Amino acid sequence: MTINDLPALSLVPKSDVAQSAKDFKSDQEVRWCPGCGDYSILSTVQGFMPELGLAKENIVFISGIGCSSRFPYYMNTYGLHSIHGRAPAIATGLSVSRPDLSVWVVTGDGDALSIGGNHLIHALRRNVNLKILLFNNRIYGLTKGQYSPTSEQGKITKSTPQGSVDYSFNPVSLALGAEATFVARSIDSDRKHLSSVLAAAAAHEGTALVEIYQNCNIFNDGAWDKLKDAETADDLLIKLVHGEPIRFGKDGAKGVIRTADGQITIADVAEVGEGALLVHDAHREDPALAFALSRLSEVHTLQDTPIGIFRDVKRPSYDRLVREQLDEAREKKGAGDLQALVRGNDTWLVG
Amino acid sequence: MAKQVVQLSKVVIRFAGDSGDGMQLTGDRFTTETAGLGNDLKTLPDFPAEIRAPAGTIPGVSAFQLHFADHAISTPGDAPDVLVAMNPAALKANLKLLRPGGTLIVNTDEFGKRAYEKVGYTANPIEDGSLEGYNVIPIALTSMTVEALKDFALTKKEAERAKNMFALGMLCWLYDRPSQGTIDFLTSKFGKKPEILKANIAAYEAGWSFGETTEAFSVQYEVKPAPMPTGEYRNIHGNLALSLGLIAAGQLSELPIFLGTYPITPASDILHELSKYKNFDITTFQAEDEIAGVTSAIGASYGGALGITTTSGPGVALKSEAIGLGVMLELPLVIVDVQRGGPSTGLPTKTEQADLLQAMFGRNGEAPVPIVAPQSPSDCFFAAIEAARIAIEYRTPVFLLSDGYLANGSEPWLVPDTSALAKIDPNFTTEPNHELPDGSKDFWPYLRDPETLARPWAVPGTKGLEHRIGGIEKADGAGGISYDPDNHDKMVRIRQAKVDAIARTIDPIEVDDPSGKARVLVIGWGSTFGPIGGACKLVRDAGHDVAQAHIRHLNPFPSNLGEVLAKYDRVIVPEMNLGQLNMLLRAKYLVDTVNYNQVRGLPFKTDELAGVITDVLKSL
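As given, the protein sequences belong to chains D and Z, one line each in that order. For what it's worth, our numbering labels the leading residue of the first sequence as 1, then goes sequentially. For what it's worth, our numbering labels the leading residue of the second sequence as 1001, then goes sequentially.
These aren't lab readings, by the way, just hints derived from the structure by calculation. These numbers were taken from a predicted model, which means no experiment stands behind them. Be a bit skeptical, because a hint or two may be false.
[As the list claims (entries may be wrong)] A few chain Z residues that don't get close to chain D, going by computed Cβ distances all over 12 Å: (1) L1097; (2) K1118; (3) D1151; (4) D1269; (5) P1348; (6) G1516.
[Said to hold, decoys possible] Result set (EDC-like, lysine to aspartate or glutamate): computed pairs, CA atoms no more than 16 Å apart in a straight line: (7) K158(D) x D221(D); (8) K1463(Z) x E57(D); (9) K1463(Z) x D16(D); (10) K1537(Z) x D1512(Z); (11) K1276(Z) x D327(D); (12) K1276(Z) x E324(D); (13) K1537(Z) x E1608(Z); (14) K1463(Z) x D100(D); (15) K254(D) x D286(D); (16) K226(D) x D304(D); (17) K1441(Z) x D27(D); (18) K1113(Z) x D1128(Z); (19) K1463(Z) x E274(D); (20) K1276(Z) x D337(D); (21) K1276(Z) x E328(D); (22) K1441(Z) x D1425(Z); (23) K332(D) x E298(D); (24) K1276(Z) x E331(D).
Cβ atoms here follow ideal geometry from the backbone N, Cα and C, with glycine treated the same way.
Bound-form chain Z, shown alone:
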């Protein structure tokens, strides 16, 4: 008899296991099937920096959280409704996240005495009553997988390895997710190893059947599709969206792309992506170090390519001098900083947004650099194009500040019509631009466009425009070396004015205030958009008024920002740092902001932020 089907409006599932247990893959597959069903979703992979820390230890735990719903959602969810714990370490590391009364699926095969003692339990937590507050579903995942695969020519170890597919099958049954996509995926992954392929499919199907027949699950759940704008959707991670945005920028400007970079977590995926698309006129250069990454990109820009370098915070520190050179040379350069926990090596696989001031000020001298920050995984696509547009049109290095949460998080994305994207004009200079007293003409490399203050971009190979540029201060206009005090003062101000002038091409910041009665504004930047939006919704659902605004351009700020801030009695600035945007807002607009900060390597929780907002509302 078919089980009862229960409708849910949203579910948060967290898969947790050893690094080698394939939890990221399991989460990815479940996500893909969920996306295909039309649910709105957000994901958060949470994995260790160690590639394979010793099995069964807390440092080796890798987790993947997915929030899916029949309505629009903004975060991967605060507290999971369901936790799948593949071993005691996974249980210990993740139990505190599970909501009270949540469902806990544990793999009992891994809860031997040695295994639970290894992580500090003195008794088996499944049996000692300590999990009473949860709906515990003990399942012998490993042995059932091995049993299901007994007819295959596999070692016990190989068979055990398919237990993540058993778990996936079981959960796909429980939440009524389709199977064909996973079978297709396994076929393409293991097509050359037919025995492994068949075993994985068999494990998946065994898990599915187990879900259907076991009494442990009395009901099956269904989450209906979310109402979303019509169109064609795909699921996308931030690093992929960012890569596609860079490729699009190359196409829109008709410039070849040169990526000079050095591998670093969590930015390396952008190198991996771009290296696949050489047919888009993209050269990727894995340099000897971070410095060569950025300087080779500067060299390529000098030659008329769109020079890009990708890195994370420690890499930005190494590139600082070269970015200053880019400011002096006034050449296009996109610096992608996928921020991670710092300082120093910090938390390589965790998220943080503590590089804002480094991007803003981390160079010697007065060296202004525009900064653009995406607000969601899919927004990385548009933010990358915007960063490239500014770099090309204004001949300047531009920071694109993503972070680990955006990079690895995913969400459904309405596939954009790329033919509708605005072109970018590199506007190369091919003729002399300056008239000498005798009427003949020559080329002045620092004679600027009066409106944008951008200097001409004349690339080697252009006849008659041979010129020399460098890091030494140059004379206004003519561009020769100049140590003149007044000239230096003028040039410093011009470089600042050029960056300030970009504000004219930036959309004004928009405020979301559905009631129009809010007295409190919550303002953020980067990946906190989702959590802040979620928190504002909670506050509004509770009957209060609150406004939200999110800053995409951190330098220069949108020209109406001061006006917006001044409208509210209180401005709250939540950030995953100790108050960097807060400092900039206070310095520039003299606003008595309220900052709220966390640097835990994790995104904000919406209920927690909602509490902060409510407290401020009460104080009015």
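Pulled out of the complex, with its shape left as it was, chain D reads as follows:
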């Protein structure tokens, strides 16, 4: 079975020619700040798209407002750069009415979690066939440096000179709480990891939320550096792999275990033994463990931050259920007869 046999993309026409990353580059000059993490994400997406082998004209990128939302202009596919926070709702209308399209939403922490929070959670619970890429840089970039819903408490920004008093969202926890069927996290600079997560997201029927830790080198430079620097990353980063024991740290010295009270915690592998480690099961129906994993990370220090696919379960997409009702109505009642409908059942004759 290839990726194209999966239900999420089964209705999308395939390309009849071999594609390369170049085919997905538009003629627009990219206008992000030099050094922005968005460049590497764009390049990874453009490099990954040919793997899907979909007809380019059947791919649509939809965005809201913010730095990340300029993304569609740079993809040589169909694209719509809309208004702040509304991309998931626009994409829902498009996806539901066009099952032959592969619809991607590009958004940021402000766009998706502040002004557009409502649309995000409802897209997730409905399981609309959308792939949502949430670029999280923990700052407002386009409005020049205010704190965002993922900024850590105490953060000093232009709008919080004494430090932010807002408690932050954890996008993965939020998505899991919103009944998401696919939730993953990756990092802008890790092309290989991000590509693999994108491939799994594309194959998923329903909404896939991929949080991508992205660096804003102007207003919040180095926010994720500790997870990127080989020196520190080993000790902080937990790479989740379905079917494998959850193990990290130098030489895999640390791991995740379940405690007697049903919680999870970090343990010394030498102490607890390899057999005690929790084996990651992304397909587990009950989201409690995935949620527990999402809670491991520490907001300020980034200690124990999992990346990878937290949850990937099957539930019929909203699009499919809507389509089934349309098909059922046509089957039962036949194609609509306008004259009969306008006439109704209760008429009288004059003359």
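Place chain Z on chain D using the hints.
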């Protein structure tokens, strides 16, 4: 012995009771039977926003008014000839409407001391002489209903609930309305509850027999059918007609319909209707909020559907930014605003036409949006098709401004021949439209049709036309992002010119001036058509000359409007707002109009408007 039959040319009946008394149902049934007899009719439901306010209180009163006649009529009637008051609250809330000397049927069972004191009467109004000016018919409706149903296995409460059917039966006898339709209706409604069904029919029949035998009614009335154009008729409410119009637009354009919406009074019925007709290729999406309603519709339009969103005034406020996006994207979008009393939550179940300027200007930047307004419940059908035609042919959001009075009011409708309706051509673009210097071709999403100025509609899935659009200003033609000052100035003017150009496809406004001698013109828009028409008739019947014109297209105006306004010595503009059309007419045509305004949540009364017109005539 059969009672004497008296011919009447018209009757206005108002049914009033508690929200739970079933007055809307009673009114609906009486209307259906009346329509079937061939009378012309207009109805006005008048119900509270509260679902079930405490029983016996004024806020809980629900009423239904019906005007039927043996001739063409234009309104639900100014003052009822007959008021049916099911309790003291209903009497108190509605008595002032009843015409002097009118018939007042009161349910005496509900006029206990506690009940009348609850609404502020110090004595029983039926007995204290305060109703002397009316023809009071006291009837123990509740106890007679209970008595009629004593052999049924029902609780007293269940039996009492059928009192509206007793009242309906009684009135159907009084006005000689047939019964079979109501019995069929009850059978389909209560078919699964045989005991309730039999009880309702028994209550109806008991009411009928009571009417026939009681000495309270000395005569039976008859209203002959109205002369109407021949053909097949049905009765129709505005929201239903509007829904059918949207469905027709989908069929005429061969586009799938996507309705993105959020429930709101008084627009929700359109969602309920469209959700029933999925076999017409209609997807209904009950979104998480008003904004998602409109933006999902924009997304669907981007994909080649006819995107529609339905709402009322507060919802339009929430959708404003997205409508502006629609103006920039230049995609078809129909925004249905069933206006209600505002501002803010205002009067959710009452009518008003105070969203005109919101529809016209309620967006940031220069964002012109065409506006179409239906003038009667059945006209909602044609206005919906017209709004969709403009949206599709010009790739633009279009406002369809209905209101609560049109939405819930009903009238007989000559069923149209749908095969005669004009098709709508979406004219999708499937080929590149622009030649590069080297002779190869590419696609420019903002290269316009020179006549309509509409841009090409190329939907995802069309090979070779991949393009990006958005809310940022775009370069004329090529459509890429552009911050160039001259380009922005040009694009703002082009978007305005595109909307202005729609006037070329709009019928000129027609003036109704039977004598051809009128010096005064009364001009309105939307649901005031009926009351203004009725008022003009009264004025003409009194021997004066007055002209009437009604504006269907509020933006752009019909191209002959200025010329028409200039012909008259006085132009009167009655509106259910503080003068919104009036402001537009004055601004655009420099005409010294006379405005007449009311915002009472109710349609104008014809005699009152006739008085306004007469006063202006006298001033000449």
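Please write out, lowest number first, the hints stated earlier that are contradicted by the structure. Violated hints: 15, 19, 22, 23; rest satisfied.
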